[in-house]
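> Please work from the sequences and hints to get the whole structure.
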Amino acid sequence: MMATALLIIHGLVAVALLGAITHQTLSAWAPVNTRPGSFFGRFRTVPPAAFANAVVVLYLAAAVLGAIIYLDFRVDVRPTLEQAGHWKVLGFFDLKEHFVAIGAALLPAYWVCWRRPRDDEPIRARAILTSIIAVIVWWGFLAGHITNNIMGFGA
Amino acid sequence: MTSSFAFPRFASAFGTAFAVFYVVALKLDLALFTVYPSLRLVVLGTHRPRDVVDPALGFLAPAMYWYGWAASAACGALVVGLLAALLPEGSTRRIWLGRLWVIPMFAMVACVYLTMPWFRL
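From first to last, the protein sequence lines stand for chains A and B.
Residues 0 to 154 in numbering that gives the first Met the number 0 are what the first sequence lists, from first letter to last.
Residues 0 to 120 in numbering that gives the first Met the number 0 are what the second sequence lists, from first letter to last.
Check the hints yourself; a few may be wrong.
What the hints assert, rightly or not - Pairwise CB distance ranges (calculated):
(1) B/Leu81 <-> A/Val56: 20 to 28 Å
(2) B/Leu120 <-> A/Val31: 47 to 55 Å
(3) B/Pro87 <-> A/Val134: 29 to 37 Å
(4) A/Pro30 <-> B/Val41: 49 to 57 Å
(5) B/Lys26 <-> A/Thr3: 32 to 40 Å
(6) B/Ala70 <-> A/Pro35: 24 to 32 Å
To be verified - Keeping only pairs whose Cα atoms sit at most 20 Å apart, straight-line, the calculated EDC-like set for lysine to aspartate or glutamate is:
(7) A/Lys95 <-> A/Asp75
(8) B/Lys26 <-> A/Asp93
(9) A/Lys95 <-> A/Asp71
(10) A/Lys95 <-> A/Glu81
(11) A/Lys95 <-> B/Asp28
(12) A/Lys87 <-> A/Asp75
Everything labelled a hint here was simulated from the structure, so no lab data went into it.
Where is the CB? At the ideal position from N, CA and C, for every residue including glycine.
Dropping the structure here:
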């Protein structure tokens with residue numbers, strides 16, 4: 000019961016994180032001279048740096064919640080997936096673990112890039128770093144979602 | 000001035016070093032500790048279930064290494080990060096934040112390569 004509640008909270012935090020990092024990534028790559036009324040023009044009106052603190056807090060919250068639920072997953076869920084032969088799903092989930100760890104370690108640099116940028120720092124590097132975090136968050140979300148639902152697919 | 004530039008150097012070096020150490024820990028199975036969730040047990044170092052319970056009962060005590068791999072990488076990265084923070088500003092200006100993303104990206108590719116066996120089953 001507790002694991003289910005934590006999983007739902009984990010999912011909700013992940014959705015918020017997904018929105019924040021996706022918005023920031025698109026803003027970082029969108030051309031500066033975008034037409035004001037266009038879709039990307041409206042994206043551009045929100046300063047991307049404003050998302051940095053939220054992304055760091057949400058990423059850490061999602062990672063900590065995921066790390067707690069992972070204990071239950073290993074004992075109660077993974078053996079079932081192994082017995083059912085869902086090896087690819089387990090591979091995707093393992094990649095999620097690895098990517099999330101690497102992404103968590105990048106958060107201090109990501110925060111510095113957005114909140115304390117330097118004049119001699121290439122803007123593209125900041126956009127690439129943000130994109131890496133975005134890829135990790137999207138991968139984590141999709142892999143977690145598929146793992147959560149896999150026994151229901153076609154069952 | 001020094002402290003305001005020390006944190007960016009620490010942050011860049013920590014993120015880069017963590018990615019390298021994590022791949023090394025994953026490849027060489029260097030977990031700082033092993034977690035046995037069903038036994039509520041944490042053992043220092045990389046342990047296999049057969050070290051804790053009878054091999055025939057190994058399925059009852061699944062071992063978890065991810066926390067240990069991350070902890071190993073974090074310890075190594077912390078040392079590298081602190082050393083980088085102590086370096087003089089001019090010596091690191093060109094290498095840190097600008098190219099920070101390269102090594103973590105390669106580390107992610109390495110993780111994909113090390114996870115490939117799952118996709119061949």
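> Compare the structure with each hint and give your call.
Against the structure, the hints come out as follows:
1. B/Leu81 <-> A/Val56: 20 to 28 Å: holds, 24 Å
2. B/Leu120 <-> A/Val31: 47 to 55 Å: Roughly 48 Å apart at Cβ, these two residues keep to the hinted range, so it holds.
3. B/Pro87 <-> A/Val134: 29 to 37 Å: Because 34 Å falls inside the window, the suggested range holds.
4. A/Pro30 <-> B/Val41: 49 to 57 Å: holds, 51 Å
5. B/Lys26 <-> A/Thr3: 32 to 40 Å: Once the Cβ atoms are compared, 35 Å apart, the range 32 to 40 Å for A/Thr3 and B/Lys26 holds.
6. B/Ala70 <-> A/Pro35: 24 to 32 Å: The hinted range 24 to 32 Å is violated for B/Ala70 and A/Pro35, with Cβ atoms some 49 Å apart.
7. A/Lys95 <-> A/Asp75: Holds: A/Lys95 and A/Asp75 sit about 19 Å apart, inside 20 Å.
8. B/Lys26 <-> A/Asp93: Holds. B/Lys26 to A/Asp93 sits at ~14 Å (cutoff 20 Å).
9. A/Lys95 <-> A/Asp71: Within the cut-off at roughly 17 Å; holds.
10. A/Lys95 <-> A/Glu81: holds, 17 Å
11. A/Lys95 <-> B/Asp28: holds, 18 Å
12. A/Lys87 <-> A/Asp75: holds, 18 Å
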